[in-house]
Amino acid sequence: MIGALLARREVGLIVMIALVALVVGLIEPRFLTAETLRIVTLAIPLILVAAMGQMMVILARHVDLSIGAILGFAAIVAGMIFRDMPQLPTIVGVLAAIACGAVLGLANGLVVTTFNLPSIIVTLGTLSLYRGLVFLVSGSRQVDPQFIPRGLISMSQTSPIFGIPWIVLIAFAIALATWAFLGYTRTGRQIYAIGSNPVAAPLRSIRVTPVTLFVFTLSGALAGVAGVMYAARFGYVNPGITGVGFEFIVIAAVVVGGVSINGGVGSVLGVTLGVIFLGMVNVALPILGVSAFWQSAIYGAVILLALVVDRTVRIRGAAALTLSRGTA
Amino acid sequence: MTALVSARGVSKSFAGVEVLRDVDLDLAAGEVHALLGENGAGKSTFARIVAGVHRPTSGTIALGGAPVDIASPVIAQSLGITLIHQEPISFPDLSVAENLVLGRSAGGPLARVPWAAMTRDARRLMDVLGVRIDVTRPMRGLSIADQQMVEIARALASDARLIIMDEPTASLTPNEVATLFTIARRLRDEGRAIVFISHRLEEVRDLCDRVTIFRDGARVETAAIGALSDAEIIRRMIGRPHQDYMHKTGVAIGGVALKITGLTRRGAFADISFDVRHGEIVGMGGLVGAGRTDVARAIFGVEPADSGTIEIDGKPATIREPSDAIALGLAFVPEDRAVAGIFRSLSVEANITAAVPGKIAPRGFIRRAVEKTLAADAVKRLRIRLASVRQPIGELSGGNQQKAILARWLMTDPSVLILDEPTRGIDIGVKAEFYDMIGDLAAQGRAILLISSELPELLALCDRVLVMSEGRLTADIPRSEATQERIMSAAVPASAGAAA
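First to last, the protein sequences are chains A and B. Anchor point for the first sequence: position 327 equals 327 in our numbering, and the numbering is continuous, going up by one each time. The number in our numbering is simply the position in the second sequence, starting from 1, with 328 added.
Honestly, the hints are just simulated from the structure, not real lab data. Everything numeric in this text was worked out from a predicted model, so none of it was measured. Some clues are possibly wrong.
FRET-style restraints, in silico, Cβ to Cβ [stated by the list, open to error]:
| hint | chain 1 | residue 1 | chain 2 | residue 2 | range |
| --- | --- | --- | --- | --- | --- |
| 1 | A | Ala173 | B | Gly392 | 49 to 57 Å |
| 2 | B | Arg465 | A | Asn262 | 13 to 21 Å |
| 3 | A | Phe172 | B | Ser341 | 34 to 42 Å |
| 4 | B | Arg448 | A | Phe293 | 53 to 61 Å |
| 5 | A | Asp144 | B | Pro437 | 37 to 45 Å |
Don't be surprised by glycine CBs; every beta carbon is placed ideally from N, CA and C.
Whole structure, please, built from the sequences with the hints as guidance.
See below:
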């Protein structure tokens, strides 16, 4: 029954995506051009990569609000390595960014598991803390476009196949890997189990702490990847701009994609569709001439709508359960 | 019979209170062994110790002759001991097949999940049990009976030698019970040991080979089920020394204060009719889960009934929420004060005056002086022991917290007072004070409905004792005829059939 509902959610998302394309295309035919498609495609990878990490965190009944700040930190570290040590190969900056993300994510996980604190509060704190670190490390100085390696920037422009840029392919490869991991490995299923019933998980010999640390670390590392993608995509890194508010877009995409904020439920396909949907909304609004202020309001409305739908589905599930029990 | 599990001198204390005392018990392979006893007699605690949920304070447990330390449910499982909870633990979002495998699969963190083999094995287990459950569906939405079957399948998959079922039939239909028993017998015939905890004597007779009776944390007797009559079993369950409490004397019983007719809430209780008169203390006995608290909550408007009428002083009353009930002169001291009664972090005075906002804050602002006077007065009257009325109520002892809750409801000067297990978890000394207080309240002409699982309490205090069993009123016994045996026989369900 739930499987059918989930399937409907994914089908529903595809319908919503088609509707947005159609309606916006009718109002503003410019929307249905190859150029727009390219812009939409480029809006997706950062969100998709971070959403894969966020999804695992939320599946385990946690949340990571600090990914925007982690993205900023990873991007500034990579940018500074590119700028201050141009003799090093690009890959050093890339790996450093991912490593920074992983460390900051692990720190989140350690605070959550060691002190048994709610992750929403912990990552609310580190959201500010990590953003502060971005300013401290960079001296509040932007890394300008001329320092970003050509090779990196070309990742968002050149394509090995069908004109799809490299970063888009990489993002979808990461999504594919996440799908395999969550569906077909022991740890992947344990993440679902922990989110589904955290109290029972230790009774089934699931080691909750290492798994929790793992999802936070991975979420951080993927935010680091998104940081590198930011540099590749936008060609600069600004301490006060890069990654600000990013967490809200990502969490919205994850929740719209059908991941239950109460953990245990959600699919990679759903999240991917959620990302595409929000990416389209993101591109469509300015084309329709909607101001940035309204865009933010619409994101908020979408999150609320998704939560209401999620809650309704869960209440129905619980009601079905009590009904079958109540008649006994 | 050779013992599979031997417990020797097992005792358990929680926070200094001894709930299990020096229990010796052998469980044999190839038997279904019933554990019987009143609520709180220690049977579930014993089962949980064997299953690794609790660790004994002292005593030893041997498995197949060798002493074992069952430090956790995971260890119990690896030793072949499975506890099936009344409402099974599961992962509602995962499939039935995954729930079966989880915690048993080998391999490292990146080990591949063998979906095909997992599904095949799960189907085979379901076939072995002869139950039809789609193993690819999620656990969420399965009936309790089916969830129990999944738990039993888990036990089989891990080749459990001892399967403990803690009140498994409590929420099953007769057909489901029959299926469960068929499977339990088959498991027994395969040489496994089954422990069966139930309040239903008929089921115990139907299924079990031996029975062990617990009372007040100690094992009273273990015998072949055929060796004891129902009456003998009940006598052993309740046979504690009778304590004498003073019954109120010389209180005139007045007119009907509260009259309930045909009160029904689907899935909780049905067709409940009784009345309580001014000056009368009416007891309500029964086992936990019989629906007594549900009735009280329905009368008070916490969860209103689907049908039936409530009359107060002869006038029909419409009670949709507790404020309606309070306005009509009802008061309800709930069973679990920690959950439903107190505001733990607030002061004693704020707790005591919480039910009368109009008195302490006539214009919306709290008058601290009035609040303090009212509270101090109540503290004196009910002899609540505390350092200061400004102290958080959570710092008081259980008995004094309970007095403060009672004080709160007396503030509203109720004409009908419903007390749900008012003396649970409080010391014997404070209990006696409580009994006096309840007598005084009745003497003032209030009608009192006293829900209690303590038989001596009901016998000592009440003018009449109502008994509920499985959502129905099964007896209305006048004081002169009330005995522990009579209450208990009415409280113990005749059979699972009554639940349908």
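Going down the list of hints, with the structure as the test:
no., hint, verdict
1, A:Ala173 - B:Gly392: 49 to 57 Å, "holds, 53 Å"
2, B:Arg465 - A:Asn262: 13 to 21 Å, "holds, 20 Å"
3, A:Phe172 - B:Ser341: 34 to 42 Å, "violated, 59 Å"
4, B:Arg448 - A:Phe293: 53 to 61 Å, "holds, 57 Å"
5, A:Asp144 - B:Pro437: 37 to 45 Å, "holds, 42 Å"
The structure is inconsistent with hint 3 alone, although it conforms to all the rest.
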